[in-house]
Amino acid sequence: MLFIDKYRPTTLDKLDYQKDMAQRLERMLDSSDFPHLLFYGPFGAGKKTRVSAVLRHVFGPSVDKLKVENRAIPKPGSSGTVDITTISSPHHIELTPSDVGTQDRLVVMELIKEIASSRPLEITRAMGGGPQEGEGRGRFKVVVLNEVDHLTRAAQHALRRTMERYMSTCRLILCCQSTSKLIDPLKSRCLCIRVAAPTNDEILAILNDVAHKERMVLPPRLATRIVEAGQRNLRRSLLMLEACRVAKYPLEPDQEITTPDWERFLVDTARGVVEEQSAQKLLVTRKRLYELLVNCIPPEVIFQRLANELLRKCDSELRAEVAHWAAFFEHRLQQGTKPIVHLEAFLAKFMAIYKRYSQRMTLA
Amino acid sequence: MEVEAEAGEPVINPQQDEHAEIEAEVTEKKNPKTDRLLPWVEKFRPKVLADVVYQDEVISPLRQFLQAGNLPHLLFYGPPGTGKTSTILALAHELYGPDLYHSRVMELNASDERGINVIREKVKVFAKGSVTHRPASVPPPHPRRRRVSGLFSGLDWAIAGGPCLWGGPACDGAPRSNYRYPAPQFKLIVLDEADSLTADAQSALRRVMETHARVTRFCLVCNYISRIIEPVASRCAKFRFRVLPPESALTRLRAICASEGVQCPDQALLRSMQLSEGDLRQAITLLQSAHRLYGGALTPEMFTELAGVVPEDRMGLFTRALRSNSFDHLQRAIGGLLADGFPAQQIIAQVAPTPHATRPTPHAPRHDRHTPHATVAPRLATISSHRTPRTAPPPGEQLLEWVVEDPELSDVKKADIAYRIAQTEKALADGASEELQIGALGAAAMETICLGARPAPGAAITTTTTVAPALPQPRPAAAGAPRRPAK
Ligand SMILES: Nc1ncnc2c1ncn2[C@@H]1O[C@H](COP(=O)(O)OP(=O)(O)OP(=O)(O)O)[C@@H](O)[C@H]1O
Ligand SMILES: [Mg+2]
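Residue numbers (the numbering used here), protein chains in the order written: chain Z, 244 to 607; chain R, -17 to 469.
With the rest of the complex left out, here is chain Z:
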């Protein structure tokens, strides 16, 4: 089992960081009239962990009796269906409506409404509910929706009234990276809870803790370096720690920290662009980008990384301009359908800016 799974805290009081928020949340959940919740925060900040801890607190251990189901929702006006996978326990159901792309409205309209409007199963009592049986515990069910920031507008609209209408029988827990893409009426209907990524100190503490539990000796310098490289992403840091152990044990303070292959590949690509600006180089770079894309690295991740690398490498005088064009072309990439075109356009723009600048520098 990977460290990230092995040491995932399961209850609110065991969460390693942002403890006071967790404790307060627990208090709120003790009364059954808590509002819809919206957890938002960066990738790897621990939203999922928090949600499952919330569920366990509200319904007790029976939320672990999970079953995975595939649901087929008939498309109106045609014979096809929209298929979506759900994970459910007797008390909750979890799904990612954006999995079905632009058909997500159908999922919200048909599936979520159906779940929300059906009466809750009154079996919690018999099953012992939670340890501290609160009144009404298990009288409603919880629907967990992941990645709501990827929902289409239509789907978000479809959620609005459903969230109000069936409040007595159903609570929603929404998760997303940022609330920027959510429509105001949805935010208005939830208590929005920010989940910050753990700080470097917190990550360091967790790394040491895991090392201790695994009975491995983690040299302090290596730990700090892993934290640095982990960029405030706990998952990434834990994976790196594990990779280090696989690579070399006992651990050494200065041993290499392996980053994913594709990241190194991108760094090389960026270096190439800074070294030479020419049409040929652009062609070569395109091949490299294609290679990343066919390996299923999401285009926006490639863009982000590439832009960061280029910004880091170029002269500070150029940065504002490069940042401007990065934002400009990434925006287009999001709206367009062919990522490679926009990635390339950005690189071409960068080369032009960079070349003009270096020529001016040599003239001066």
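It is worth saying that the hints were derived from the structure and are not from the lab. There's no promise every hint is true.
[What the hints assert, rightly or not] Estimated spans, in silico, between C-beta atoms of each pair:
#1 P317(Z) to D182(R): 16 to 24 Å
#2 R236(R) to A486(Z): 54 to 62 Å
#3 S241(R) to P463(Z): 51 to 59 Å
#4 N443(Z) to E212(R): 54 to 62 Å
For glycine and all other residues, C-beta sits at the position ideal for the given N, C-alpha and C.
Let chain Z serve as the given structure and place chain R with the ligands on it in line with the hints.
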């Protein structure tokens, strides 16, 4: 007397689906058990028009309609959480009373299939059972009620909706009834969240509205009136729901505190309203959450923490970075904010100077069709006249207000930054990367502030209206850059 008592008794229509039953529970509050499970927003949803606060300009005409027992088609619009849905539901209840509510009122919202045909069919079927004939969907007379109706020489007023004094074919010459509700001769179709209806569906709706005009009234509810096509809008009496100023909701919030035993000074209540920018639903959620999360006497600071605004010191780091003229410094500040989970939208909202309690006005221009949170545009509208009177500014918001209020920044610089804020906001709403967008905005603002284009005074605003992003001017190279293609 007897009738009075009965009027409050829910008559569950066997034909009603389960949705309606739950709705009945929710709206009629018969069940104290579910009551205790209900989040406060729903628990304290206004049940009668009198409960709706602040929207007098809407409520008093509605009350007149109620007295007259007649309604035009209605169009409610305004930002979230200002009472639109509550008002129409309360109006419908006051109009028809509990007995007739379910047979006379149909609610269709964005969670229902609302294609052209569906609207046409549903509305047709619903409207067809004209209320002057016995509609299939009206509940059979309650046994006890039959006895009462006997009093009125056999007039089946349960069907007619009560012999009303306001005319209509069914009640000609009928005596005054004890049924307390006007129960007029038409059915009410509520199209909630109507701004998500397609233009095609709206055109179809226009015909439907005409065809069934005698027996139905429509009430459209939406956030942006610009998304309702003109022919439909012009058939309705329009009512604008305004953002609630903090003080206006005080009585309501105090009442909630009293009934739930919350200790919360007015000052903290005001803060919750400011933080929710006039969205009473959000304020009530904040109140409940603060009560449950912190307990005890509530303070304004608790609300600030809960509302997720970027705290002053964090925002201060960012604004200092903007002045530092160091890109690394800026990137670190931005990286920190994003890693802490502050949404870019929020950072911008705080960067953009906000006149007190402004939300996107329902008059938001057409181009926000794609930007539901066009929070910046209306704010920018006030940017040049930055002497907008304000009540105490919400915390955090005064921070980058210096963009506007800083005496050291020239108007040109302010306009330039404002322009970029607007661009960024749009890009974010389109789903562009937060890090890149905020990074670009920050870099541009930093340049403007630290180096800055200093065109001759007077050339001011016009420069920013050109399509080309005002790229760093002093560098000759940038001037030669190809113009950004116009969209
Ligand atoms: N003017 C008001 N008076 C009293 N309560 C209000 C008012 N506005 C909002 N509320 C409270 O907020 C909740 C939500 O209000 P409502 O559903 O009417 O908002 P809305 O205008 O329909 O918003 P949306 O556009 O998001 O649908 C209500 O349950 C009520 O508790
Ligand atoms: Mg509403």
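Evaluation of the provided hints:
no.	hint	in the structure
1	P317(Z) to D182(R): 16 to 24 Å	holds, 22 Å
2	R236(R) to A486(Z): 54 to 62 Å	holds, 58 Å
3	S241(R) to P463(Z): 51 to 59 Å	holds, 56 Å
4	N443(Z) to E212(R): 54 to 62 Å	holds, 56 Å
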